[in-house]
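Asks: Sequence:
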Amino acid sequence: VQDRLAPDGRLTGRPTRRLGRPSGACHHPTVMSTEAATDPLARGDEALQGGDWEAARAAFEEALRHAGTARAHEGLARALWWSHDTDGAISQMERAYAAHREDSDTRAAAACALSGGWLARAERLLREAGDVPERGWLALSRAERADAPQDMHRYAETALEVASRFADADLEAAALVRDG
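Residue numbers (the numbering used here): 1 to 180.
These aren't lab readings, by the way, just hints derived from the structure by calculation. Positions of the beta carbon are idealized from the N, C-alpha and C atoms, including for glycine. Each hint should be verified, as a subset may be incorrect.
Stated by the list, open to error - For each label pair, taking beta carbons as the anchor points, the in silico distance ranges come out as:
1. Gly180 x Thr38: 26 to 36 Å
2. Asp131 x Gly88: 19 to 29 Å
3. Ala167 x Asp105: 14 to 24 Å
4. Arg65 x Ala146: 21 to 31 Å
5. Glu61 x Gly117: 35 to 45 Å
6. Pro149 x Glu62: 44 to 54 Å
7. Asp103 x Glu54: 40 to 50 Å
8. Leu119 x Glu161: 33 to 43 Å
9. Ser91 x Glu157: 30 to 40 Å
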């Protein structure tokens, strides 16, 4: 990790797909892209990225009025989660999961299962997906639920190995925090 630390303290590395963890969220207004001005999904994604949960919710609800895509359900689930509407978030994540399964998108379905806390379901799907970064997030979820310190360490180490293999700085940082 030390060899990947930037002077400002950030981990350097390839950008990775995030599993619902907004980064850079702050109180400063953001400039909206041209795509987001016309596409409610892009607008919702930008609002999530900027931490504007209400704008994200409105954008994803608009997207769902036009087409009930898995991405729109997943985005709405994340906006509802950050808005403390747990029941609504779970309901939308279930719909996103079902839509991804219907589309045969195993990795996306596994990511939804992880977000929903359905670890056995995620594990089953990830067996089909092969060696993918989501396996590290599954290991990290297992570490967070482990009772015994040695189990927590073992799962965190697995997550760290996956993070290293895929140059996933977010997973790496989370695994290091979990491992202490």
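Asks: For glycine 180 and threonine 38, compare the CB-CB distance with the range 26 to 36 Å and indicate the outcome.
Replies: Violated - the Cβ-Cβ distance for glycine 180 and threonine 38, about 47 Å, lies outside 26 to 36 Å.
Asks: Measuring from beta carbon to beta carbon, are glutamate 61 and glycine 117 in 35 to 45 Å?
Replies: violated, 24 Å
Asks: Starting from the hint 40 to 50 Å, judge whether the C-beta atoms of aspartate 103 and glutamate 54 obey it.
Replies: violated, 29 Å
Asks: Between proline 149 and glutamate 62, does the beta-carbon spacing fit 44 to 54 Å?
Replies: holds, 47 Å
Asks: With 30 to 40 Å as the target window, see if serine 91 and glutamate 157 comply at their CB atoms.
Replies: Cβ of serine 91 to Cβ of glutamate 157: about 35 Å, so the range 30 to 40 Å holds.
Asks: I want to verify a distance hint. Is the separation of the beta carbons of arginine 65 and alanine 146 within 21 to 31 Å?
Replies: This hint is violated: roughly 42 Å between Cβ atoms.
Asks: Given the range 14 to 24 Å, decide if the beta-carbon distance of alanine 167 to aspartate 105 lies inside it.
Replies: Check passed, 23 Å falls within 14 to 24 Å.
Asks: Okay, leucine 119 versus glutamate 161 on CB: inside 33 to 43 Å?
Replies: violated, 19 Å
Asks: Is 19 to 29 Å a correct range for the gap between the Cβ atoms of aspartate 131 and glycine 88?
Replies: violated, 34 Å
Of the hints listed earlier, those the structure fails to meet are numbers 1, 2, 4, 5, 7, 8, in rising order.
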